[in-house]
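Participant: Starting from the given sequences, assemble the full structure and let the hints guide the process.
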Amino acid sequence: MADWVGRSAADIAAAVRAGEVTAGEVVAGHIGRISRLTAELGAFIRIRAAEAAAEARAVDARADRAGLPLAGVPVAVKDCAAVTGEPMSYGSAAFTATPQQHDHPVVARLRAAGAVVVGLTNLPELAIYPFTDSVYGIARNPWDQRRTPGGSSGGSAAAVAAALVPLAHGTDGLGSVRIPAAACGLFGIKPGTGVVPADLGETGWHGLTEHGPLATTVTDAALMLGVMAGTSYSLDAQGPLRIAVSVRPPGPGIIVHRSCSAPVRACAGLLGKSGHEVTDADPPYPGWLVPVMLSYWVAGPAGEAAGHASGMEPRTRRHVRAGRLVTRARPPRGSDRARLRAALEPFFERYDVLVMPALARRCPPARRYGERSWLRSVVTSLMFAPMTGVWNLAGYPAAAVPAGGPGGPGGPGGPGGPGLPAAVQLVAAPGREQTLLALAAEIERSSPWRRHAPGYDPPG
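Sequential numbering from 229 applies to the sequence shown in this note's numbering.
Worth flagging that the hints you see were computed from the coordinates, not collected in a lab. There could be a bad hint or two in this list.
[As the list claims (entries may be wrong)] Ranges of calculated distance between the beta carbons of each label pair, as one might list FRET restraints:
hint, residue 1, residue 2, range
1, 569, 467, 24 to 34 Å
2, 263, 425, 26 to 36 Å
3, 313, 427, 13 to 23 Å
Glycine is no exception: its CB is placed at the ideal position from the N, C-alpha and C atoms.
Facilitator: Structure below.
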């Protein structure tokens, strides 16, 4: 039997549809790898070995198996989306262990498409921070276990980068899909508002949070995003695009390290040689943007914590208290998104895609930040990952794309340091997920990246 661990989701699904391998065989191989390796990475908080085996057998028995886009594909789900029969902890010990009665709509769509949920992945408490530690353990970057895989979907990113699963689900409230994708050398995309059912209730951070895929290839991410969105995406090139390139941060006091700006310049050169119209141009970020974004960051988790705060980490309780104060002084407003879009729309009428940094500096160490001060977590977050949240408030689609090899084409090393992956961020106007996916696929063809972290390449 061929070993299907490490193969792309597209290849696995095609083989299961054609009867070349059973979903049961594919899932068993992945469960075995997860069981061997997850302890050193802290990627999973729950492995669904028996449940996944039963689900795989059900896929093999389905009369419509030959038409399932994700037939037999092992998928990890971040532990903030409901999976029937599993407790949902939000990375916290404060929530009850009551099994969920229904799948989240996104999980239901993945299962309907033939995917098998093999486990739930680690995240920081209430998904607040761009690094992943919780009472369930510290998630570590497969490229360098001394570093964080990013967050808050850090467990999902670590799982994909280490070939524990070909695809993983993440949520992105201020960058929580793109940040770990950039940190772990993966492709991750946050769709625009309304493309994928959010259905997060109090956990939606006032409408900022979206669901998105983490994958080793653009093809796999497009496949998963299409299932979650109830559509399909083509990766065919769309002709010359008007591309803006900017390394300017969205507000004062933010410093973008050269390891994060150099890949942007290298990517711009690559796209220019491919025939696109590439121009240096900075988005017109309004002066009020940073303080408003900070208000969402502290106010968003306050609703989730209602009735649970006493059982949460000290840093989370401090964050929630700050959020309640901010909400009383200046609550998030429905007009904020409209104001920001009004400022940005002229820019995106002139340009089809913006290429910019995904991160601002090197990946922080992997450690138990929850046992340290709230201020340390806040400062570390703001220094590391201030480049993504603006696009959640705007509701624009945005993606993190690996920039070729370590450091990108000609780059000095990625955001974790020399030898770690580099990345760029692509942004487009609402409704242009197709454009981002096609351009990312073009970058992938022109400057291929490693699919898995060194040391985690599967056998064969």
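Participant: Is the hinted range of 13 to 23 Å satisfied by the C-beta distance from residue 313 to residue 427?
Facilitator: Distance hint for residue 313, residue 427 holds at roughly 18 Å.
Participant: Could one say that the CB atoms of residue 569 and residue 467 fall in the range 24 to 34 Å?
Facilitator: Given a distance of about 26 Å, which is inside 24 to 34 Å, the answer is holds.
Participant: Do the beta carbons of residue 263 and residue 425 sit within 26 to 36 Å of each other?
Facilitator: For residue 425 against residue 263, whose Cβ atoms are near 32 Å apart, the range 26 to 36 Å holds.
Hint compliance for this structure: no hint is broken.
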